Amino acid sequence: MGIELQNITKKFTDYTALDNISLNIASGELIALLGPSGCGKTTLLRIIAGLESADSGKIILEGKDTTNLPPREKNVGFVFQHYALFRRLNVYENVAFGLKVLPRSKRPSKSEIKDRVEHLLKLVQMEWALKRYPSQLSGGQRQRVALARALAVNPRVLLLDEPFSALDAKVRQELRRWLRKLHDEIHVTSIFVTHDQEEALELADRIVVINKGKIEQQGTPQEVYDHPANAFVYNFLGNVNVFHGRVHEGMVTLGGHSVDAPDELKNSAEKTSQTFVRPHEIGISKIRSEGNDLEGTIREIRLLGGQIGLNIECEGFDQPIDAEIPRELYLNLQLKKGDRVFVTFNKVKVFACDYEI
Amino acid sequence: MSTPLLSQGTPPVVRKKISDPLPVRILLIGLTLLFFIGFVFLPLGLVFAQAFQKGWDFYLEAIREPYTIEAVKLTLTTVAIVVPLNAFFGVTAAWAITKFSFPGKAALKTLLDLPFAVSPVIAGLIFVLLLGSRTPFGSWLGEQGIKIIFSTPGIIIATLFVTFPFVARELIPLMEAQGRDEEEAALTLGAKGWQIFGKITLPNIRWGLLYGMILCSARAIGEFGAVSVVSGHIRGQTNTIPLHVEILYSEYNFTASFAVASLLVFLALTTVIVKAVMENRFQKNSSQH
Amino acid sequence: MAIFQKKRRNILPGFGLSMGYTVFYLSAVVIVPLSMIFFNAIPMGWEPFLSAVTAPRVLASYKLSFSTAFLAALFDAVAGLLTAWVLVRYRFPGKAFLDALVDIPFALPTAVAGICFATLYSPVGWLGEITAKWNIEVINSPTGIVVALIFIGFPFVVRTLQPVLEELEPEIEESAHCLGATRLQTFRKILLPHLFPALLTGSTLAFARGIGEYGSVIFIAGNLPMKTEIAPLMIMSKLDQYDYNGASAVALVLLVISFSMILLLNAIQEWQQKEYR
Chain E
1 MGIELQNITK KFTDYTALDN ISLNIASGEL IALLGPSGCG KTTLLRIIAG LESADSGKII
61 LEGKDTTNLP PREKNVGFVF QHYALFRRLN VYENVAFGLK VLPRSKRPSK SEIKDRVEHL
121 LKLVQMEWAL KRYPSQLSGG QRQRVALARA LAVNPRVLLL DEPFSALDAK VRQELRRWLR
181 KLHDEIHVTS IFVTHDQEEA LELADRIVVI NKGKIEQQGT PQEVYDHPAN AFVYNFLGNV
241 NVFHGRVHEG MVTLGGHSVD APDELKNSAE KTSQTFVRPH EIGISKIRSE GNDLEGTIRE
301 IRLLGGQIGL NIECEGFDQP IDAEIPRELY LNLQLKKGDR VFVTFNKVKV FACDYEI
Chain B
1 MSTPLLSQGT PPVVRKKISD PLPVRILLIG LTLLFFIGFV FLPLGLVFAQ AFQKGWDFYL
61 EAIREPYTIE AVKLTLTTVA IVVPLNAFFG VTAAWAITKF SFPGKAALKT LLDLPFAVSP
121 VIAGLIFVLL LGSRTPFGSW LGEQGIKIIF STPGIIIATL FVTFPFVARE LIPLMEAQGR
181 DEEEAALTLG AKGWQIFGKI TLPNIRWGLL YGMILCSARA IGEFGAVSVV SGHIRGQTNT
241 IPLHVEILYS EYNFTASFAV ASLLVFLALT TVIVKAVMEN RFQKNSSQH
Chain P
1 MAIFQKKRRN ILPGFGLSMG YTVFYLSAVV IVPLSMIFFN AIPMGWEPFL SAVTAPRVLA
61 SYKLSFSTAF LAALFDAVAG LLTAWVLVRY RFPGKAFLDA LVDIPFALPT AVAGICFATL
121 YSPVGWLGEI TAKWNIEVIN SPTGIVVALI FIGFPFVVRT LQPVLEELEP EIEESAHCLG
181 ATRLQTFRKI LLPHLFPALL TGSTLAFARG IGEYGSVIFI AGNLPMKTEI APLMIMSKLD
241 QYDYNGASAV ALVLLVISFS MILLLNAIQE WQQKEYR
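Protein chains in written order, with full-length UniProt numbering: chain E, 1 to 357; chain B, 1 to 289; chain P, 1 to 277.
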């Protein structure tokens with residue numbers, strides 16, 4: 001087991017940042033901690049690194065209880081959100097820092113340090129920048145130096161705090177793919193924190209969704225995206241239409257429309273529900289195909305890269321429905337603003353609201 | 001593998017700010033110059049005019065006079081003791097205040113600035129009250145053969161008080177802006193406390209530290225009110241340069257007084273120019289981040 | 001275990017050591033000596049204290065110190081605003097030099113400033129001749145004190161205003177301009193209110209410094225009893241007579257006022273932050 005977190009709790013004066021979090025991470029895994037800002041994910045990362053201490057709970061790294069070790073002895077690599085490169089040291093000295101501060105007995109020789117630093121800089125493709133200072137590098141370059149610096153000490157785990165948030169969109173995407181490839185090469189157990197669901201879905205082996213200090217769901221990107229465990233996860237992973245309605249006699253009503261209730265709610269007593277439909281899981285046609293189809297008027301058409309976004313007003317619904325259809329279909333149907341269309345929900349997810357309003 | 005192309009960022013657009021019409025500009029610059037002539041150029045010019053009134057030889061003689069030399073020695077001794085003490089304190093206090101969170105931080109910061117709010121005369125007074133020969137503690141010290149007030153240690157202690165905030169005041173905003181990320185990064189890389197301080201923190205604050213020490217020295221050299229209270233004005237023993245200037249002046253030995261004063265003016269000019277150059281450097285450095 | 005946890009709350013090392021030394025040094029150099037004022041003023045009892053600080057000569061010195069410091073701060077507000085404006089907004093040869101010279105009053109020993117102004121305004125001095133012609137008394141009069149305090153307080157105003165003026169976004173003025181405001185209207189209605197907190201802070205600093213100032217004033221003031229004796233000089237003369245309690249009493253009043261100034265300044269800054277953040 002790479003990392004084992006047992007019942008981590010952390011309270012600040014006015015709120016609970018982490019509420020009894022337990023999590024197991026296998027050796028060599030790349031994990032995303034995903035959640036809105038302020039959900040406690042960065043705190044969790046800092047606790048693993050020893051930069052913050054938990055009120056209770058245990059942290060076991062590679063089978064060794066490190067809960068009360070100072071960060072110096074934890075042997076974790078930490079990549080800070082704003083990189084925290086040492087501004088008065090050049091790139092070489094930055095990466096060599098962790099090796100040079102080792103006690104004399106453990107410190108590698110000068111030439112070994114040199115070899116290791118050069119190897120790492122080659123790995124992150126920064127070998128040309130040995131003598132540069134952080135202020136002379138771009139954001140993406142600083143990021144890679146920070147990564148090399150963290151890897152220099154052969155960490156048991158690599159922790160990355162919002163690694164791409166300070167970069168612009170294009171660099172971010174490239175660096176993301178590059179990091180995935182790098183991880184496949186070096187296989188160090190890694191956790192990164194992000195609030196960007198796309199980043200988590202693309203990069204991680206496993207996603208842990210956190211909200212208000214609690215784990216909402218964990219699983220592979222596929223599992224989490226296709227089978228969100230609850231309303232929060234559904235909402236957080238991508239755009240979604242939310243309909244408030246009622247479960248009643250095996251059916252779920254949404255506005256003036258109704259669909260079959262999911263199995264687990266088939267025999268449920270009448271209660272309020274939330275129904276989620278992703279925009280790309282909505283079908284649009286100009287002809288009525290089944291009796292149950294919903295009719296609406298197109299209010300807005302938006303170009304979303306390869307897809308077309310439609311904003312449709314349907315009778316009996318409080319809010320307009322967002323749909324996304326392929327460009328081809330849009331051209332074939334010759335849709336324009338004000339057209340009447342028929343709407344099908346290809347996939348719906350219903351959550352009963354047992355305790356909410 | 002694809003190397004991400006580096007986005008260099010677009011150069012800042014040079015924007016022309018709305019400017020005032022030329023006559024207004026000329027008027028305002030003229031008024032400012034007038035103010036500077038009356039309050040800066042004339043006084044400073046006067047010092048040199050008076051100092052060299054009786055010629056170069058007289059000037060040199062005034063400066064080489066034994067009492068002047070003694071005053072310079074005493075001032076330099078004071079600086080050599082006061083500045084390192086306050087610099088060490090400034091670094092320590094800035095470390096405690098900027099790298100940790102604790103209750104009462106704002107109050108502590110206000111307390112650090114206290115000596116700036118105290119009249120120099122009061123700064124001298126408090127040490128006479130604490131250590132003067134008529135006080136219990138002072139008379140006890142006197143019995144042990146230790147004399148502080150009306151002697152060199154008194155001058156040093158009063159100067160210590162007056163220049164107390166300079167270094168801390170320079171370092172705290174600087175270190176607050178730098179945050180603790182770099183120190184935390186060093187920590188996760190296995191560095192020990194002294195390694196973090198010596199290799200990371202100190203290089204990051206060295207210019208601010210130097211700058212604070214320069215301001216501290218300037219004030220230590222020039223302090224008059226506080227030192228005047230505790231010195232006892234004993235020539236050749238407890239006279240600092242500013243006190244010597246005063247004595248010469250009150251003896252109507254104006255030329256000699258201004259000659260010695262010209263040394264202080266020269267020092268002040270050097271200080272402000274060094275300060276301007278260093279600030280320029282700071283700004284260039286910070287704009288790179 | 002609980003103690004261990006508490007100790008680990010601060011992750012970076014050296015908190016106990018640095019905090020301990022800070023508090024020790026602060027107490028030894030500042031707090032304990034300052035408290036001597038209270039220990040000497042309070043045992044006097046209320047009546048003697050009151051009579052010491054309300055003696056006519058003392059009262060006259062307070063009045064003089066406050067009025068001259070106030071007038072000087074007022075003048076500095078105008079001159080400082082002018083200088084800061086010119087230094088931030090305009091480009092002209094020698095600007096960098098002028099900017100550096102703003103700090104001269106900080107860097108120049110006050111005694112030197114004192115003898116400069118005394119000589120400058122002496123009846124045969126460069127400016128004294130002119131003022132004599134116009135029948136303006138400067139030396140040995142409150143006017144001279146104001147002149148010295150203007151010099152001392154001036155950089156406080158400029159240095160607090162400069163960063164605020166520099167950070168002012170051109171968009172604010174541009175939009176006022178687009179809305180049809182004239183330059184003067186923009187200045188009065190947009191810029192001045194924006195600069196006001198900094199202007200107030202700077203002049204308050206100049207005022208506070210002016211009340212306590214000693215070295216630059218005593219040479220030009222002439223120190224005539226009831227007329228041109230400033231409050232710090234009263235402390236000095238009581239000290240010369242070994243009247244430690246009297247000196248402490250006069251000092252205590254000055255200290256209380258200076259500290260209220262600091263609190264006022266903190267309040268201004270807080271108000272400013274609430275207003276604009």
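None of these hints come from the bench; they were simulated from the model.
Quantities reported herein were computed from a predicted structural model and do not represent experimental measurements.
Using N, Cα and C, we set each Cβ at its ideal position, and we do this for glycine too.
Errors might be hidden in some of the hints.
[To be verified] Using 30 Å as the maximum straight-line C-alpha spacing, the simulated DSSO-like pairs for lysine-lysine come out as follows:
no., chain 1, residue 1, chain 2, residue 2
1, E, Lys181, E, Lys271
2, B, Lys199, E, Lys122
3, B, Lys109, E, Lys114
4, P, Lys95, E, Lys11
5, E, Lys100, B, Lys275
6, E, Lys131, B, Lys147
7, B, Lys105, P, Lys63
8, B, Lys105, E, Lys114
9, E, Lys110, B, Lys199
10, B, Lys109, E, Lys131
11, E, Lys11, B, Lys109
12, E, Lys100, B, Lys105
13, E, Lys122, E, Lys100
[Unchecked claim] Label-pair distances were calculated between CB atoms; the ranges are:
no., chain 1, residue 1, chain 2, residue 2, range
14, E, Gly63, P, Pro163, 36 to 44 Å
15, P, Thr182, B, Gly30, 45 to 53 Å
16, E, Asn24, P, Val23, 54 to 62 Å
17, E, Glu73, B, Pro84, 30 to 38 Å
18, E, Leu130, P, Ser260, 56 to 64 Å
[Unchecked claim] Partial list, computed: chain B residues near chain E (C-beta under 10 Å):
no., residue
19, Pro66
20, Glu70
21, Ser151
22, Thr152
23, Pro153
24, Gly179
25, Leu187
26, Lys199
27, Ile200
28, Arg206
task: Take the C-alpha atoms of lysine 122 (chain E) and lysine 100 (chain E), compute the straight-line distance between them, and say whether it is at most 30 Å.
output: holds (20 Å)
query: Any CB of chain E closer than 10 Å to the CB of proline 153 (chain B)?
result: violated (39 Å)
task: Would you check the hint for lysine 95 (chain P) and lysine 11 (chain E), treating anything up to 30 Å between C-alpha atoms as holding?
output: Measuring from Cα to Cα gives roughly 54 Å; hence the hint is violated.
- request: For asparagine 24 (chain E) and valine 23 (chain P), compare the CB-CB distance with the range 54 to 62 Å and indicate the outcome.
  value: Violated, since asparagine 24 (chain E) and valine 23 (chain P) (Cβ atoms, about 46 Å apart) do not stay within the stated range.
task: Using 10 Å as the Cβ threshold, decide whether glutamate 70 (chain B) counts as touching chain E.
output: Constraint on glutamate 70 (chain B) not satisfied, violated at 42 Å.
query: Is the straight-line distance between the alpha-carbon of lysine 100 (chain E) and that of lysine 105 (chain B) 30 Å or less?
result: Cα-Cα ~35 Å, so violated.
query: Given serine 151 (chain B) was flagged as interface, is its beta-carbon under 10 Å from a beta-carbon of chain E?
result: violated (43 Å)
field: Restraint satisfaction for glycine 179 (chain B) [CB to CB of chain E, less than 10 Å]
entry: Glycine 179 (chain B) check passes; min Cβ-Cβ to chain E is 8 Å, inside 10 Å.
- prompt: Regarding the pair lysine 109 (chain B) and lysine 131 (chain E), is the alpha-carbon distance no greater than 30 Å?
  reply: Violated - the C-alpha atoms of lysine 131 (chain E) and lysine 109 (chain B) are around 39 Å apart, more than 30 Å.
Residue hint threonine 152 (chain B), partner chain E, criterion CB-CB below 10 Å: violated (39 Å)
- prompt: Measuring from the C-beta of arginine 206 (chain B) to each C-beta in chain E, is the shortest one below 10 Å?
  reply: holds (8 Å)
query: Regarding the pair lysine 105 (chain B) and lysine 114 (chain E), is the alpha-carbon distance no greater than 30 Å?
result: Roughly 43 Å between the alpha carbons, so the hint for lysine 105 (chain B) and lysine 114 (chain E) is violated.
When the structure is compared with the earlier hints, violations turn up for hints 1, 3, 4, 5, 6, 7, 8, 10, 12, 14, 15, 16, 19, 20, 21, 22 and 23 and for no others.
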